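S.K.: Chains as they are written, first to last, in the working numbering: chain P, 1 to 489; chain C, 490 to 841.
By construction, these hints were calculated from the structure, which means they are not laboratory data.
Note that the coordinates shown come from a computational prediction; the quantities given were computed from them, not determined experimentally.
Treat the hints with care, since some could be wrong.
Cross-link-like lysine to any residue pairs, in silico, SDA-like; alpha carbons within 20 angstroms at most [to be verified]:
{"id": "1", "chain 1": "P", "residue 1": "K440", "chain 2": "C", "residue 2": "L821"}
{"id": "2", "chain 1": "P", "residue 1": "K256", "chain 2": "P", "residue 2": "T314"}
{"id": "3", "chain 1": "P", "residue 1": "K131", "chain 2": "C", "residue 2": "T822"}
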Amino acid sequence: MHFSVPLLASAPDQLLPARELMAFTLASHIILVPLGVALPLITLVMHHRGLRRKDATALLLARRWSAVMAVQFAVGVVTGTVLSFEFGLLWPGLMGRWGDVFGIGFGVEAWAFFLEAVLIAIYLYGWRRLKPRTHFLLGLPLPAAALLGAFGILAANSWMNTPQGFSLDPAGNPTDVNIWKAIFTPMFGPQYWHFVVAMLLTAGYMVAGVYAVGWLRGRRDRYHRLGFTVPFTAAAVATPVQFVLGDAIARSVFHKQPVKFAAMEIVWKTDTRVPEYLFGRLHSDGSISGGIKVPLLDSVLAGFSPNTKVVGLTSVPPGQRPTAVQATIAHWAFDIMVLIGSALVLLALWYGLVWLRHRRLPESTWFYRFAACAGLGSVVAVECGWIATEVGRQPWIVHQNMRVSEAVTATRSSTLWIMLGLVIVVYLFLFGSLLAVLLKLRTRWRLADAERASGPSADPPESAGPYGPRATVRAGDGGAATPSQGDQP
Amino acid sequence: MTADLMALVLLLAIAAYTCAGGTDYGAGFWDLTAGGTERGKRPRWLIDHAMAPVWEVNNVWLIFVFVIMWTGFPPLFQAVFSAMWLPLALAAVGLVLRGAGFAFRKVVRRVAGRRLYGAVFAVASLVTPFFLGAAVGGVASGRVRLGTEASADAWSNPTSIVFGLLAVAATAFLGAVFLAADARRFDAPDLIGYFRRRGLVSLTVLVVLVVITLFVTGEDAPHVWHGLTHGAGLAFGIAAGAASFAAAWLLTRRPGGWARVSAVGAIACAVVAWGLAQRPYLLPTSMTVAEGAGASTTLTWLAFVTLVALVIVVPAVVLLYWLDTRGDLEELTEADLRRGGDPGGGGEAGTT
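Bound conformation, chain P alone (with noise of 0.2 angstroms):
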């Protein structure tokens, strides 16, 4: 089953919006998984110091993160579930034929990702009943279940790059599978670790983005500063941690997956001394135009010296590595990661020496700037180190075993542009709906800071909507039901 004809010339017509499909809603899920993976391991920070120090503030932070979390987790659950069932749809190839090698990872994934559920929903549900000990207890467990569920995905992913833990019988179908094999395979390490403390630091600089804004905008208040230091330094102290990593993955790639990161820094031909491009575009012929070029500095990031030899992407026949487009892509994807990376290592710096100097938060206007911004830019970096992880790997869905065109579907490409036209639009609505419900909670908590601040508070309007809370209801419907547990102490 191994063509050596270029790819674009045996890819069926549905490959491409298949491909388009996964993308798109990987992309949108991506979103949310830092939130997802290491909200609630910020949450309980701030709920461990709340009870600890008998800190309002933090508790109720605390609690106003765990109704984002509510509705952030709800999107999160469907947008996955949709990536479960679009391995059947559009790749049941891949399924079919190395779901027994691989499909454990899932299986790990599915019961940790229970079990998070199962948690989540009673931290969040926890906070009125529950003894304060107890819920924080019991939401305790919640980052080691994350752990586990993004153990199970990174080692599906890594499985992908670098496949082992079965042998090919003469039909080429997988034989003599060894699981262990198939979960720690040689990338596993790298991109487990890389990720996880990615998720830690996106969320990290995400949510104390909110309260870099409010600073920016006169909000300067022990509430503000708390909701921004809390997250702001778990981010700040992942960042250099990360950049090591970062460094490490890369080596990684370069010794594990050599085609890839010859895409990834579009070395064209095997050579010591070979230089490092900042962007630029590789041509199928493989000129490069465009771009900053440094000298020798791709074999020392390598290998620590100019004479290491790196391969490049000609080692291999056309039709086994990526085409130059999307060598391209892989490369501004990294290269825009690796800024975006340098960018934050900076700014953590800047808040950890003003730390260590004054035992304060900086008060330059420009650091709240940036940290604004880091959020939305780490968010930017997690998306394209997943593009250069994947489009680096192209044309194999399977590295060296399967392409992308032998595990796509058969079903005809016009139902799936279809598919993915209304996929598009409804995920424009759940994002859109995701934003305005997260926008409508910061005005309405603000408003009632507001009016706190300024006496006491009136009814909200439309408070006894037909969904409203419970105690309100009640009221609001005439002393139908009378209150039991409601007012139990």
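Got chain P; can you put chain C on it based on the hints?
M.R.: The following block gives chain C in isolation, referenced to the frame of chain P:
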């Protein structure tokens, strides 16, 4: 051996999803039929409060089903998702809209916004189980084979349609029984009768549909029909019937925990009856369990992972349902999210 065990686990996971997810879809069904904003206010209030803490967990069962399919029985997964492309794709869209509609309508305060999200949630709750049922019907009637390409016939056939309708009726029945018990739990006596009536009506419809299904499958899905009318399939079918009558009887008396157990038992038995009727096939009559099974090491590991899941997840789920039934899980109110507002629990630590 391990393959048979995992096939059984797959069947039980499908049964669990039918019951947990079904209750959830059923609540959406009654939301859809609750009438205008004013008339439907009370039932919708109950539905919101009953569903909120558990709906995400209820739907995670589906992911379990998929994982067992693609890890344990890869060719089955490939065949089903290739042949049943459209109904499964629409079910996926339905799931998205449903979850989003439910999550957003709780937060939105304006009536117009609530209507929009509520309508999205309710319609999707009707459509999703229908398509999932239709996909199962396609499998049961032997229309899915490895290599079958997506076609309208694979899912728009008599068996698929009755299975789709059965799925909707079953969710409506489960939803009504659970909500009747919730009405008692949340002290809403007027709603007990409301959902009791709906539970009995949907059970009647369900029974009629089952009779129609037996006629339809006799022609259209002979293998499954034979399995349902003989041996273990028949036994579970009878058990399902008995449990549903027990549920009806309990519903007319004191809708509570036991009515729920009987209703869940009825639907679970029906799913198990279907699964056993398919023996020895995963896809009647083209792929047996042994033919569809993945590598044996993987199946052993999958069994192990399932065991770990049982040990870890079951206590957690039991804790969740227990806390929920005790009324310990309650949404944060507006007041809790204001400065100075302290929820009941956080009070001691919060006041300064």
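S.K.: State for each hint whether it applies.
M.R.: Tested hints:
A hinted pair counts as satisfied when its Cα atoms are at most 20 angstroms apart, and P:K440 with C:L821 qualifies at roughly 16 angstroms. Straight-line distance between C-alpha atoms of P:K256 and P:T314 comes to about 17 angstroms, which keeps the hinted pair within the 20 angstroms bound. Between P:K131 and C:T822 the CA atoms are separated by roughly 17 angstroms; this keeps the pair inside 20 angstroms, and the hint holds.
Hint compliance for this structure: every hint is met.
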